[in-house]
Structure formats: C-alpha cells, structure tokens
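With the sequences and hints as input, model every part of the structure.
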Amino acid sequence: EDKVVQSPLSLVVHEGDTVTLNCSYEVTNFRSLLWYKQEKKAPTFLFMLTSSGIEKKSGRLSSILDKKELFSILNITATQTGDSAIYLCAVNSGGSNYKLTFGKGTLLTVNP
Amino acid sequence: SQTIHQWPATLVQPVGSPLSLECTVEGTSNPNLYWYRQAAGRGLQLLFYSVGIGQISSEVPQNLSASRPQDRQFILSSKKLLLSDSGFYLCAWSPTLVGYGYTFGSGTRLTVV
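Top to bottom, those sequences are chains A and B.
Under the numbering used here, think of the first position of the first sequence as 1, with each following residue one higher.
Under the numbering used here, think of the first position of the second sequence as 1, with each following residue one higher.
What the hints contain is simulated information worked out from the structure, not anything from laboratory work.
Quantities reported herein were computed from a predicted structural model and do not represent experimental measurements.
Some hints here could point you the wrong way.
[Claimed, not checked] Pairwise CB distance ranges (calculated):
(1) Gly82/A x Lys80/B: 38 to 46 Å
(2) Ser58/A x Gly16/B: 42 to 50 Å
(3) Val15/B x Ser58/A: 26 to 34 Å
(4) Ser77/B x Thr18/A: 43 to 51 Å
(5) Glu59/B x Lys40/A: 23 to 31 Å
(6) Glu26/A x Ser65/B: 24 to 32 Å
(7) Ser10/A x Asn63/B: 27 to 35 Å
(8) Asn63/B x Ser51/A: 40 to 48 Å
(9) Ile53/B x Asp2/A: 24 to 32 Å
(10) Asn30/B x Thr28/A: 24 to 32 Å
(11) Gln70/B x Val5/A: 36 to 44 Å
(12) Lys67/A x Lys80/B: 39 to 47 Å
(13) Thr96/B x Leu107/A: 27 to 35 Å
(14) Thr77/A x Glu59/B: 33 to 41 Å
[Claimed, not checked] Listed next, the stretches of chain A that the computed footprint assigns to chain B, with coverage defined by at least 3 CB atoms under 8 Å from CB atoms of chain B:
(15) 37-46
(16) 99-110
Note that CB positions come from ideal geometry on N, CA and C, so glycine has one too.
Listed below in structure tokens is the structure:
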C-alpha cells in the first residue's frame, strides 16, 4: 500500500522565521511528488517534482526531491502570517488511474 | 481554460437522509475525475475515481457511491447518511494523458446530525 508521511504534523513560528517541512514516501511506480497549500477550502498547487536534486522555487517557497532517499522538503523563508495553512504532500503513482496519495499534512501557524 | 465547479459549499443533513454532491468540469474532454474526503485528521482519502463515462473505481468500502453520467460530471451519493460520513468532500480532475497533478473544486463541508 502506498504511504506518504509528513512531519511535523504542526508547527508554530514567528514572522520572519524560516521553516522546513518534510515528506517521505513509499509508493510503487513513482511518477511525481506534489506540494499543495490548503487554507480554508480547496488545496492549491505549489510544486510538482519529478527529478532528484532539482530545486523548484517560487518566491519565498522552494522544494527539492531526493528519489534515492524517498523524501522531499518544502522550505519557506521569511515567513508571513499569510503562510499559515495546512501544507499537503502527495505522491502520484503510476498506472492508468493517476492516483494521488496524500500525507496528513503539516499545519503551519505563523504568528506576528 | 479549465474550471471545476462543486456544489453545494455546505450541507447539514440528518442521519438516514440521502446525499447528492455534484461536480462538473469545463474546458476539457475526458478528464480523470476524483472524489476525496478530508476528515478531522486532515489527510485526504481517495473515495472514488473515474477514467470515463460510467467507469467508477472505489478505493474504500463505505456508505457512499459515485456515478459519472456525462463526460464532465461526477456525482457522489448516499442512500442513507451516517454520522461518520461527516467531513469535507473534494472533487478533483486531472488530464487523462498527462496524469500529473490535480485541480481541486472548492469543496463541500458535510455535517450529518
């Protein structure tokens, strides 16, 4: 059974701090790993990673994948209160159905 | 551009009542469609997926069913709701051939009382 584990489950920081969120996985026929940000409603897409060692960056957020060690990290620098959200990691496994297996998420709270 | 619509946004239903949640996608053909549930533990659990009209795969045994009567329409149903059916339900679609990533609908918060 495919498995995605995120850590920590929750995190409280102050504005300006840098945070690192972790995601490890065990899946068959790996295709890609995705990060989503979920505030009050639907998750919104952040990054998709398919190759090891290539950093994806968007503003203060960045992410990298290690396919040998089966994990990914999501970094947020100079955090702001608007970064408060649940961050979800998901892995796309192969086959014709293109399923995503999600972790439980990391609840990030950024205090002013 | 593609858009996904999901309704209603919130729903409060008594135990034993029926359920129908609808999801439609615009701007694409033959999408893969998915229903997820997010309970208090925050992880997203895949309930059903569909790769074509009338083709439904169920991931977990439960009190719910899904149907795809048209190419871009996906419906989640129940004949008799249980308290444990409460949660946040998300519809999603992904391209058939690319298979990378999903776009989610805005979700339905269901409370069974």
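Here is how each hint holds up against the structure:
At roughly 42 Å, the beta carbons of glycine 82/A and lysine 80/B sit within the given window of 38 to 46 Å. Distance hint check for serine 58/A and glycine 16/B: the Cβ-Cβ separation is about 47 Å, which falls inside the suggested range of 42 to 50 Å. The hinted range of 26 to 34 Å is not satisfied by valine 15/B and serine 58/A, whose Cβ atoms lie roughly 44 Å apart. As the Cβ distance of serine 77/B to threonine 18/A is approximately 46 Å, the hint placing it in 43 to 51 Å holds.
As the Cβ distance of glutamate 59/B to lysine 40/A is approximately 26 Å, the hint placing it in 23 to 31 Å holds. In this structure the hint that glutamate 26/A and serine 65/B lie 24 to 32 Å apart at CB holds, the actual value being about 30 Å. Against the hinted window of 27 to 35 Å, the Cβ-Cβ separation of serine 10/A and asparagine 63/B comes to about 30 Å, which satisfies the hint. Roughly 41 Å separates the CB atoms of asparagine 63/B and serine 51/A, a value that falls within the hinted 40 to 48 Å.
Look at isoleucine 53/B against aspartate 2/A: about 27 Å separates their beta carbons, and that is inside 24 to 32 Å. Range check, asparagine 30/B to threonine 28/A: Cβ separation about 25 Å, and the 24 to 32 Å hint holds. One distance hint, 36 to 44 Å for the beta-carbon pair glutamine 70/B and valine 5/A, holds here, with the actual separation near 38 Å. Between lysine 67/A and lysine 80/B the CB atoms are about 45 Å apart, so this pair conforms to the stated range of 39 to 47 Å.
Between threonine 96/B and leucine 107/A the CB atoms are about 33 Å apart, so this pair conforms to the stated range of 27 to 35 Å. The hinted range of 33 to 41 Å is satisfied by threonine 77/A and glutamate 59/B, whose Cβ atoms lie roughly 37 Å apart. Residue count for the region 37-46 of chain A with a Cβ under 8 Å from a Cβ of chain B: 5. That meets the three needed, and the coverage hint holds. Only residues whose beta carbon comes within less than 8 Å of a beta carbon in chain B count, and the region 99-110 of chain A has 8; three or more means the coverage holds.
When the structure is compared with the earlier hints, a violation turns up for hint 3 alone.
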